[in-house]
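My request is simple: use the sequences and hints to build the entire structure.
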Amino acid sequence: MKKNVIYLSILFVTLFMVSCSESYLDVNTDTNSPTADVVGPELILPGAQWYTAETMFRDRYANTLGNMFMYNWSQSDGFSWYNDEFLYNVTSSFYDQIWDLTYRNALKQYAALRSYSGDENVNYRAIGKIMESFHFQILVDIYG
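To convert, count from 1 in the sequence shown and add 2; that's our numbering.
In short, the hints are calculated from the structure, not lab data.
If you anchor each label on the Cβ, the simulated ranges turn out as follows: (1) 48 - 146: 28 to 36 Å; (2) 11 - 42: 51 to 59 Å; (3) 45 - 138: 18 to 26 Å; (4) 49 - 18: 43 to 51 Å; (5) 105 - 13: 50 to 58 Å; (6) 128 - 41: 16 to 24 Å.
Just so you know, these numbers come straight off a predicted model, no measurement behind them. Idealized CB from N, CA, C, for every residue including glycine.
Listed below in structure tokens is the structure:
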């Protein structure tokens, strides 16, 4: 009986030692945002450019905001779609979709381009750096 307990304990210790490995469950890799090495920069750049265009030219986004603040657009007396813009009612939620689209979407894509490690496509890294600085310039101009 005593030998059986010793053999079982040795068996369980051996199973516990062999059954686990550190590479089995790596919790530090983010599978929802792959890098440019996995996807390829030629697939990341069009999506990033779409986010840039959406940030700039969609209804009530950066292009509209800039035109109204610079008085390139005017309004009829007594009627306006853009009361907050013409009255400079800037609050904490004023045009927050520009922040969301730029910081969450476009900059994430351009950071993936910038992190591309292949030497054969250094132009994609340069595009990523230039467009990141462009988006940060937009954020600083709007939000300070």
